[in-house]
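Engineer: Read top to bottom, the protein sequences are chains A and B. Using numbering that gives the first Met the number 0, the first residue of the first sequence is number 0, and each one after it goes up by one. Using numbering that gives the first Met the number 0, the first residue of the second sequence is number 0, and each one after it goes up by one.
Please note that the accuracy of each hint is not assured.
From the structure, some residues in chain B lie toward chain A, with a derived Cβ separation under 8 Å [as the list claims (entries may be wrong)]: (1) Ala73; (2) Asp264; (3) Glu278; (4) Pro280.
Computed footprint of chain A on chain B, listed as stretches where at least three residues anywhere in the stretch have a Cβ under 8 Å from a Cβ of chain A [stated by the list, open to error]: (5) 83-92; (6) 109-117.
In case anyone wonders, no lab produced these hints; they're calculated from the structure. Ideal Cβ placement from N, Cα and C applies to all residues, glycine included.
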Amino acid sequence: MSRVLSMRGLSVDYLTGTSPVHAVDDVTLDLRRGEILGLAGESGSGKSTLANAVARLLRPPAMVTAGEVLYHPADGEPVDVLRMNAKALRRFRWRELSVVFQSAMNSLNPVATLGAQIDDTLRAHDNTLSTSDRQDRATELLRRVGISADRARSYPHELSGGMRQRAAIAIALALNPEIIIMDEPTTALDVVVQRDILAEISALRAEYGFAVVFITHDLSLLLSIADRIAVMYAGRMVEVGAARDVHDAPSHPYTYGLLHSFPRLRGPREELLGIPGTPPDLRDLPPGCPFHPRCRFAVDACAERTPSIQEVHSGQFAACLAHDAGAYHGPVPVELSGEGSGR
Amino acid sequence: MTEHGAEVLTAENVTKHFTASRGGRFGRRRPPVRAVEDVSLSLSAGRITAMVGESGCGKSTVARLLAQIYPPTAGRILLHGKQIGRTRDYRRQVQMVFQDPFASLNPFHKVYYHLARPLRLHGHARTRAEVDEQVAALLERVSLTPVEQFAHKLPHELSGGQRQRVAIARALAVRPVALIADEPVSMLDVSIRLGVLRLLEQLAREENLALLYITHDIASARYFADDILVMYAGQLIEQGPAERVTDDPAHPYTRLLLSAAPDPDRIEAPADAGTDHGEPPSLISPPSGCRFHPRCPVALPTCSTVVPGRAEVADAHWTSCHLYDEARVDA
Numbered sequence: 000m001s002r003v004l005s006m007r008g009l010s011v012d013y014l015t016g017t018s019p020v021h022a023v024d025d026v027t028l029d030l031r032r033g034e035i036l037g038l039a040g041e042s043g044s045g046k047s048t049l050a051n052a053v054a055r056l057l058r059p060p061a062m063v064t065a066g067e068v069l070y071h072p073a074d075g076e077p078v079d080v081l082r083m084n085a086k087a088l089r090r091f092r093w094r095e096l097s098v099v100f101q102s103a104m105n106s107l108n109p110v111a112t113l114g115a116q117i118d119d120t121l122r123a124h125d126n127t128l129s130t131s132d133r134q135d136r137a138t139e140l141l142r143r144v145g146i147s148a149d150r151a152r153s154y155p156h157e158l159s160g161g162m163r164q165r166a167a168i169a170i171a172l173a174l175n176p177e178i179i180i181m182d183e184p185t186t187a188l189d190v191v192v193q194r195d196i197l198a199e200i201s202a203l204r205a206e207y208g209f210a211v212v213f214i215t216h217d218l219s220l221l222l223s224i225a226d227r228i229a230v231m232y233a234g235r236m237v238e239v240g241a242a243r244d245v246h247d248a249p250s251h252p253y254t255y256g257l258l259h260s261f262p263r264l265r266g267p268r269e270e271l272l273g274i275p276g277t278p279p280d281l282r283d284l285p286p287g288c289p290f291h292p293r294c295r296f297a298v299d300a301c302a303e304r305t306p307s308i309q310e311v312h313s314g315q316f317a318a319c320l321a322h323d324a325g326a327y328h329g330p331v332p333v334e335l336s337g338e339g340s341g342r
Numbered sequence: 000m001t002e003h004g005a006e007v008l009t010a011e012n013v014t015k016h017f018t019a020s021r022g023g024r025f026g027r028r029r030p031p032v033r034a035v036e037d038v039s040l041s042l043s044a045g046r047i048t049a050m051v052g053e054s055g056c057g058k059s060t061v062a063r064l065l066a067q068i069y070p071p072t073a074g075r076i077l078l079h080g081k082q083i084g085r086t087r088d089y090r091r092q093v094q095m096v097f098q099d100p101f102a103s104l105n106p107f108h109k110v111y112y113h114l115a116r117p118l119r120l121h122g123h124a125r126t127r128a129e130v131d132e133q134v135a136a137l138l139e140r141v142s143l144t145p146v147e148q149f150a151h152k153l154p155h156e157l158s159g160g161q162r163q164r165v166a167i168a169r170a171l172a173v174r175p176v177a178l179i180a181d182e183p184v185s186m187l188d189v190s191i192r193l194g195v196l197r198l199l200e201q202l203a204r205e206e207n208l209a210l211l212y213i214t215h216d217i218a219s220a221r222y223f224a225d226d227i228l229v230m231y232a233g234q235l236i237e238q239g240p241a242e243r244v245t246d247d248p249a250h251p252y253t254r255l256l257l258s259a260a261p262d263p264d265r266i267e268a269p270a271d272a273g274t275d276h277g278e279p280p281s282l283i284s285p286p287s288g289c290r291f292h293p294r295c296p297v298a299l300p301t302c303s304t305v306v307p308g309r310a311e312v313a314d315a316h317w318t319s320c321h322l323y324d325e326a327r328v329d330a
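Extracted from the complex, chain B is given alone in its bound form (with noise of 0.2 Å):
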């Protein structure tokens, strides 16, 4: 077992571009949509690393990088240091929960089938009471008990946070040393999100995963994670340590949605009628310099044109912002 805290996964300036087929207008090529531009980050072992953003800031295109559903245009992925391509043996250590349990699992097998399909795929189980065995423990492994009972259902027979639970123990099913859980609760009702974050809380701690958690709300990331990446229109822009990202944010876009979401402590309504902040910008043409200066309070005639480096705000915590230049890493 891979030792608690070391490096499991890294990404290395890793980019994404997609092209559209050159469908276009008398057959020219369209421009790429810039979806990830030089992200740089790493997992490590019974460590949770939350990643936030809003919708299109490129957080899914990043995790599908990390599982290497598809590959980056440029830069790298590393599995413990070394480069392994798209192989089985990649996906026996990285597995991945997605968003949408009702899409995710075959609506025409049972649960049984959708456990005992990895076992065996990647050699995990060979005979059928050792398959038997295997997915007794994992369905026990996310709490969905009497086995026997689930089992043997479809997956229309369950709720959708038991359907989570069943793509919880499928992605457990290979001993990966790393899960990608791609907004798992955002599709879930209110009072069933919670179990199902103790539950990859658990598994983290307990089976020593490095877990990246990504989401949309950073409440939640400050609650079960122990570091928080910002994502914004493509880029990482911040990232420490969880509670001091949420409490005392450097960069402006995380000041930005800190305030945006929705807080009940905060007693009085909100008053600040009237102001559009704006929306994200296009990933076809994004802005140059930094690309939130448009959006931004505090921006300086520099922020146009310049990209920011990453500045060391405080230990294990830096932002991309030219307000933090004199701080800066790389400079």
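Just chain A, same shape as in the assembly (with noise of 0.2 Å):
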């Protein structure tokens, strides 16, 4: 499948006190044509700000120290999102890729009336539109994630909190983008609601053909709906696989540590692994790998080399010694060999 948008060796500091702060390290990833992609990350990993490099919105003190973002058009050559200039930015910008913040209690404007907010941005992004095209486009769009058209008139207040998330994407919608970035879209919702808008998201996918680069912590939840499936750690992209592999064959010890810590809806009880520690102080790392004072299959080596991403099976990456023989003398340990992993 051909990519649509593509990070390579993309590293974001946070340039504060005396020493910058590693958010984002040396991250390469590809996001395909009309795919799910999803980030999984704990609190800190740099998933959002990842995304937020890729949208062009990050602020001082956090920077682009390396690394290039490449959009590739349906037609035509692939540009770097990171050297456009303000011209082309608002060109890319909701055209191209638009963004579904977390809570849409704040990226709606309360004295703004829903009809008004999706007018606003199609007038600032399209200004071949005549009026009544926008008011079609506006009831058309708000009908299709599912909110009443006689809702136009309502200010964000006046809907509940799954009504304005379907706001929110409804806007992102607008221009018809290529890709979506949903940063925790459903992460202050009641599961029956997220359950609802995940399935829209999935229905409108089916149809518009966007790609989305879907953010949470949440593990399971990505399982059930991403295509693909990449894991942050402490800045750096510890694997990225189809969703059925990294569920099946996680292939780095902490997708196979956070894969056995959440509790199963079905089966017997099985005893839980976990993973030991609390997740690492981005201005204190450890030297060598990141996760291995944490990690249940550490050796020597892991306190000295960090590993680079690499491809263990096709199709499924990961940054682990493991997986290097050079480095890690023994045999790959069955849990994450692809063999017997699966739960």
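Take each chain as given, in its own frame, and dock them per the hints.
Structural biologist: Written as structure tokens, this is what we have:
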């Protein structure tokens, strides 16, 4: 499948205090056309920073220090989003890439009606539409995300949390973008509403064919919606692979630990392994692999060498020395080998 | 020590209405919010009871009523079968752990202070040496070691999981018989939730605590609790042994909750696109009859008019739903 966005060696630092904090460290990741890519990680793992870097939404003290973000239009040459001038960026945002933020409560304007907010978006990014075109489009968008058209005259406070999130998705869809970044779009919602919104996102994706970067801390949720999953830890990409493969045969110990941290809804009550310790302080990362102090498979070499991400099975990548025959003496732990590790 | 399985804390037909002050238009009295309606439950020594429900269903209000942070509008809270007022003696026996460990610890005080204060106030330790010794024991109890190091840290120097452990140690300081944990892990990172839940589980078993675990995560309730209570729009609608409720749910709402919970083992993607399951009702003017009837896929005509009573579906498993009317216990 062709790529629509590719990040190459992307690094973002927060320039605070005496030494910079590496919030995102050398991340290389492709987003394919029309896929839902799940980006998982705990707080402080750099997932939101990465998304903001791609949308060029970073503000000082955050700064991109290395790498490029290439956007591949359906026709034409790839362009580096990080080098776009103000005019090109304005054309890129919302027509090619839009964003749905975690809290629709905060991303919607409390003193404007839904209709007016969709109208604003359309007018700002497409000056060819007439007033009645824009009205028709606003009605159509609201209907498409499951909000009745008469709600266009409602203010955000008159809507429930789920409706507000649907409205934010409608605004993101306004100009038929190729890419939608969704940063924890359902975290503040209840499970039933969350499930309805996820189903809505899947249906809209099938209809319009946009690609989604779906950011969440909840790996169990990603397994049911994403095509591929990327897992971040301490600013680094530690595992990327098809959702089923990551679930059935994780190849990074952190992913393995996460999958054994949440209880199952069905089947026998099995023992949960969990992950010992706490997430590291980005200002004071352990040497070598940042995960090694919490890793059940760590060997001495893990404290010395930082593993780079490499392909371990077809289409599945992991940054772990266990897959590096030169550094990890002895057999690859069976849990990470892709054999018998399926749950 | 209370005998294992003995009833410790009981709520009898407890109702809580919140009235807004008379600040409404033209000084009119606003209608009350019916947060909790006719809830009866009991917690037993050494058992973990989970209370599951969506936000706004009243589960935190029940927690606060049980801890007697505020009095109920109607009904009684009984400790060992006796009604005790909101006294220091009650606080010594019933303690609470709150959701947000960033807000529940005083940022200006060290861990030592947070633990020493309840010990002194409730007379468990009088001399400095006693306090030191018991603070160390408490920290060890919640696995915050080395003890000397943690005792002299300020809350901001701790991670979320460590803070929650301090909050648990503080609750244990008074040697309670019942502990109410209101969403104790929902603010924590996934990789550290398990450790905190295990600690609570271990405490309930070893100290014979009656533990109420309030959560929106029904999978964790199944895993850690002995019994599950399901709450909807201020009312309890189902109760039973944890695995029975999750594997064989009786109430349509419990089924909806279970089908909506993320389940990585369920392979197919969300297929019911375009269906809107609606959202919980307003508690100012809740629906008549069964409060779930406007969202219920199997609602009967009687559901909109008659409040369903408790019906026994199996041993120790009941639900409030007209579908089970022939099994009504109070009919």
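Engineer: Go through the numbered hints given earlier and state which of them the structure violates, listing their numbers in rising order.
Structural biologist: Structure breaks hints 1, 4, 5 and 6.
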